[in-house]
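Novice: Below, each chain spelled out in residue letters.
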Amino acid sequence: MKDVVLEVVDLKKYFPTKRGTVKAVDGVSFTVQAGETLGLVGESGSGKTTTAHCIIGLYPPTSGELRFKGQDISRGFERRPLSLRREIRIVFQDPGSSLNPKRHVAQILSVPLKVHRIVGRGERLSKVRELLEMVELPPDDYLYKTPRALGGGEMQMVAIARALATSPSLVVLDEPTSALDVSVQAKIISLLLRLQSELGLTYLFITHDLSLMRNVASRVAIMYLGKLAEIAPTLKFFRSPLHPYTKMLLSSVPVVSPEERALKPEKVVSRGEIPSPVNVPPGCSFHLRCPEKGEACSQLDPTLQEIEEDHFVRCLQFQGPP
Amino acid sequence: MSSRKEAALAVWQARWKGLSRGWYRYSRNPLHVVGLVVLLLIGLAAGLAPYITPYPEHAGPYTNFREAGLPPSKAHWFGTDRVGRDVFTRVIFGYRFSLLLGIVVLSISVPIGVLFGLIAGYKRGSWIETVLMRVTDIFLSVPPLVLAMAVAAMLTPNLFNAMLAISISWWPWYSRLIYGMTVSLREQYFVRELELTGAGKLQILLREILPNCLGPLLTKVTLDMGFAILMGATLSFVGLGAQPPTPGLGTMVAEGAKRLPAEWWSTIFPALAIVVVILAFNLVGDGLRDVFAEEEV
Chain G
1 MKDVVLEVVD LKKYFPTKRG TVKAVDGVSF TVQAGETLGL VGESGSGKTT
51 TAHCIIGLYP PTSGELRFKG QDISRGFERR PLSLRREIRI VFQDPGSSLN
101 PKRHVAQILS VPLKVHRIVG RGERLSKVRE LLEMVELPPD DYLYKTPRAL
151 GGGEMQMVAI ARALATSPSL VVLDEPTSAL DVSVQAKIIS LLLRLQSELG
201 LTYLFITHDL SLMRNVASRV AIMYLGKLAE IAPTLKFFRS PLHPYTKMLL
251 SSVPVVSPEE RALKPEKVVS RGEIPSPVNV PPGCSFHLRC PEKGEACSQL
301 DPTLQEIEED HFVRCLQFQG PP
Chain D
1 MSSRKEAALA VWQARWKGLS RGWYRYSRNP LHVVGLVVLL LIGLAAGLAP
51 YITPYPEHAG PYTNFREAGL PPSKAHWFGT DRVGRDVFTR VIFGYRFSLL
101 LGIVVLSISV PIGVLFGLIA GYKRGSWIET VLMRVTDIFL SVPPLVLAMA
151 VAAMLTPNLF NAMLAISISW WPWYSRLIYG MTVSLREQYF VRELELTGAG
201 KLQILLREIL PNCLGPLLTK VTLDMGFAIL MGATLSFVGL GAQPPTPGLG
251 TMVAEGAKRL PAEWWSTIFP ALAIVVVILA FNLVGDGLRD VFAEEEV
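Residue numbers (our numbering), protein chains in the order written: chain G, 1 to 322; chain D, 1 to 297.
All clues given are correct.
DSSO-like cross-link-like pairs, simulated, lysine-lysine; straight-line CA separation at most 27 Å: (1) Lys123(D) to Lys102(G); (2) Lys17(D) to Lys145(G); (3) Lys5(D) to Lys102(G); (4) Lys102(G) to Lys17(D); (5) Lys5(D) to Lys127(G); (6) Lys201(D) to Lys102(G); (7) Lys114(G) to Lys201(D); (8) Lys5(D) to Lys145(G).
Sample of chain D residues at the chain G side, in silico, Cβ under 8 Å: (9) Ala14; (10) Tyr189; (11) Phe190; (12) Arg192; (13) Glu193; (14) Leu194; (15) Glu195; (16) Leu196; (17) Thr197; (18) Gly198; (19) Ala199; (20) Glu208; (21) Pro211.
Since the hints were made in silico from the structure, they are not lab data.
Ideal Cβ positions, reconstructed from N, Cα and C, are used throughout, including at glycine.
Work out the full structure, taking the sequences as your base and the hints as a guide.
Specialist: Here it is as structure tokens:
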């Protein structure tokens, strides 16, 4: 049994709006173990980013529980102690807006060092250099550049260095590569993987790019309309997907090599779009788009069940009689 | 130690680069350069007024009725007024008071407005925002000239009180400008990240958000120098500003206006002087706007 770093229990986050309550996250439970990468995948609007933001404390959850190494953290960041904020860090999706355009790299990286008193005043600059070297940016060239002078990938490397400045144990990666060119994406991913093995980091990797997870994640969780559809170890997930939604997504991933083709499920035509989280359909929220739906699907909402070891699915097909 | 020196050097190099790039954008429109040159000349002349004007003693309560009301000539470029004082000398001294007024007004109103705007914008949604912005709105709802006149009329009419009156009607505009920018900046992920990290509020407001407002702020300050000078001249014109024999430009226009059209020079030249300085500030402000607008891209 590995150490559990993060435990999410029945997390709910509702946003009241004029047109009704948006149930962005509606009862999500999962755990993240030390040293692993949990890939949280979903279409836009599925609530994956909201889940990430609740975990780092950008807003407190509506209900449910968040536990970090056994400690309850179900509240906004303002009410979390500094020691906790040092342990859980985030890399945002858009590197352009996550770095202050008016400050140079050395200033940006000094802030967490200063706030968390990682090193003394005199050693700050050398620590900043160390951080830049860690993310493969030569310090002499980058220390005094402003974000405007950097490319998207370089900005994201600085953002990663900033997240790692406090030696965190859990890093939430909120679509860290989706705003980047494909060639740069690969570089960032391999950097993240190297840092993970060197520093023993735990990642919660939020993305909409399912194929990326095959090489990155140790386990993959699929979100649909604020709920988990399926969660399984990566190999199982790609080899024997169970949920119709997962099959639909996997069959739409483009493949190149024969091995990949062998893994790919038969073509399931993707249809429809994700409904608005204000008007969640009754019953199973996926039944409107589901190619395998039965009669009960429009009335009964299934719960997440462990079908095989570590393989959880939320679908009536696999649900025993209540 | 050497690494710190290196750091300072690198920072200055980057600044110099930014500055030269800014100058390139600014100087692409020759009018902007003209405006800047005119402003520098006015500033220099105003600063050195006692040394470069032909009759520095004419700036005060001087009378020489034998030379009263002379038209422009070699001895008196802008002619003389009804008590025989050299109008050119008085215009240059008038610039002194006008520039002083502009600088004082802005150094009072800009910090107040910026502070209000930063705090209100950052505290959006709380009662602090409501209080600060409603106070701002109350001041904004009265036309600035009317407000300034009302305040100036309540106080003893002199140059200092005119400055105070104008400042009171001026700061809310800065409050609005900075408020709007802060509201949009604070939603950016870099501010969110700083909050998550635990950076202090003062650090976030002054060192992270404020530098992002400096471009538009500097542009507005430059444009407003012209408008503040105009308002100062207006107050002087109606007798609520600089009092005779102080050579306020507005006061001079008002005095000369009584003798129009015969002694036109004693009113036209001070009026032109006002136009020129406002135009110059506008040109420079426009240039700065171009510089900063492109920087955002």
